[in-house]
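The hints should help you fit chain B onto chain A, whose structure is shown.
Order-wise, the sequence lines are chains A and B.
Letter by letter, the first sequence follows residues 1 to 275 of the working numbering.
Letter by letter, the second sequence follows residues 1001 to 1271 of the working numbering.
The list that follows gives simulated cross-link-like pairs (lysine-lysine, DSS-like), each with its CA atoms no further than 25 Å apart: (1) A/25 <-> B/1040; (2) B/1017 <-> B/1040; (3) A/14 <-> A/25; (4) A/17 <-> B/1040; (5) A/14 <-> B/1040.
Away from chain B, derived, C-beta distances all over 12 Å, residues of chain A: (6) 197; (7) 208; (8) 232.
Honestly, the hints are just simulated from the structure, not real lab data.
All C-beta atoms, glycine included, are put in the ideal place defined by N, C-alpha and C.
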Amino acid sequence: MASRYITESREQHKRYKEDVEREGKAFHPYAMFHDTVMSLVVVCVIVGLACVWFFTADEASEPDGASTSGTLGVLYEEKADPGTTSFIPRPDWYFYFLFYLLRIFKWPDSVVLGTVGLPTIALVLLLALPFIDRRRERRLSRRPVALIAAALTVVTMGVLTYKGATAEEGTGATGDVARWIEENNIPEGDAQEGAQLFAESGCTNCHTYLGSGVANLGAPDLSGIGNEMDADQLQAYVANPRQFGNQVMPVYGDTLSEEQLAQIAAFLEASKGGG
Amino acid sequence: MAVAPPPTRRRKRRMDKVVEVVNIPLNWLEERSGIVGGVKYFLFRRVPRDTNWFHTLGSATLTAFLVQAGTGVILAFYYQPTPDEAYESIRHITHDVTLGWLVRGMHRWGASVFIILLFLHMGRVFLFGAYKYPRELNWIVGVLILPLALLMGFTGYLLPWDQTAYWATVVGINLNGTGPLVGPLLAQFLRGGDEIGAETLTRFYALHMLLLPGALFALIGLHLYLVVRLGVSSPPWSDEAAGRERPEPEPSGDGGLVRPRARVPGRPRGE
Chain A
1 MASRYITESR EQHKRYKEDV EREGKAFHPY AMFHDTVMSL VVVCVIVGLA
51 CVWFFTADEA SEPDGASTSG TLGVLYEEKA DPGTTSFIPR PDWYFYFLFY
101 LLRIFKWPDS VVLGTVGLPT IALVLLLALP FIDRRRERRL SRRPVALIAA
151 ALTVVTMGVL TYKGATAEEG TGATGDVARW IEENNIPEGD AQEGAQLFAE
201 SGCTNCHTYL GSGVANLGAP DLSGIGNEMD ADQLQAYVAN PRQFGNQVMP
251 VYGDTLSEEQ LAQIAAFLEA SKGGG
Chain B
1001 MAVAPPPTRR RKRRMDKVVE VVNIPLNWLE ERSGIVGGVK YFLFRRVPRD
1051 TNWFHTLGSA TLTAFLVQAG TGVILAFYYQ PTPDEAYESI RHITHDVTLG
1101 WLVRGMHRWG ASVFIILLFL HMGRVFLFGA YKYPRELNWI VGVLILPLAL
1151 LMGFTGYLLP WDQTAYWATV VGINLNGTGP LVGPLLAQFL RGGDEIGAET
1201 LTRFYALHML LLPGALFALI GLHLYLVVRL GVSSPPWSDE AAGRERPEPE
1251 PSGDGGLVRP RARVPGRPRG E
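Chain A extracted, bound-state conformation:
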């Protein structure tokens, strides 16, 4: 059969065109009026945001410094410095859902699900929507599945965005160094120096260690990493994670000296899981 759905749809659209021709209103000025008012509102909101943003923040006091933070945040941060290792990256708010999604998946097994898998599935579902929902019914009260799917999507995106926005940041863990040394029996010398460096270099922005830090971007807990890798491997890994197929972790070989890398590796090798 030439599909009842398509036949009926064609009839309905023919009826639609006739109705619009017979009963419709002219786009200009009737719909145009609504559109113009709404567009003016949009422009006013944008200008308003720009004004609040600018007038509540002040110029930086030093040449490469950040501006003071206003109601809507800073005008700019400090100038980009590839040499810092402790800066906590934050995306713009509309990527927070992705940012948080990546806390749920762990490197290296499933992180690809968060970065590629789920977003791709979502996009394909959206593209395929008109072919999945092949009914002519448009009233929401008779589209319970669509309604529930929409509600779930909104709630999920809302929760992920909120969680991403309020995710605690792994601010300097230097206060925890003494506890790490005690709990993991870190030997004196290079390894303890390494613990201090580990806390200062922003590692805890993504990795957790004996309860310190926050898990971001799928990075694993390092409390017991010494059970799995030795110092040489660890040093090579931190210096260039790309060699090991890790595309997420920053390359530290350029920002930390050979000696510092060795100290961090010594610390990590001595980390046997808090036992």
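Quick look at chain B alone, frame taken from chain A:
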């Protein structure tokens, strides 16, 4: 001697003359392009009588996009896409250029407004079931606009070359690298080398200023063409929705099928 015509007649004649003069370039244009007819068709086409404020979300999104395009061009007059100068030029725009802060602020916040409106517009179309026959293709075009808009956000985020910009991009590109097969190649391409630097900045600049806006303009153009061609759908709850089901007509004969022509505002009189 000819008697001067009464003032109303004279005014009318003057008016006719003005119309004639205005029409000369318009007719010239129309004869060679048909664009005047196109604009007239666009403006005076009929839309369902029950369209409402929900239907303005699309044009609101378009407005936000045009604000981005306009402010983006102005920012490009002053912005320098090199690691040494990008940050300085952003500060220069913010503090020295006349109203530079406003243009940059509008571009920065307009991006968020654009994304929000995209989602609201998409939600409206979903809840109205307006993606159904014959508007499937237009839904698909709209869905394709969404990732492009997000990519605009991603590429634009690096350009101020401050700490947030830099480190968020480090993470963003590294995440790209996790993708199967093409992931590492894509990350390498975006970085333009092994580390983020001058080449990354120029690549993001080119994507943000040339490739993505071009693609967005093309898709939005197609989107609008399809909107005009297919028409917007009535709200699904409307009793007078265009294309609504009619009760089976009574089989009884004469005159029963004739519907009185509805008087509708906007319908030219005397037709």
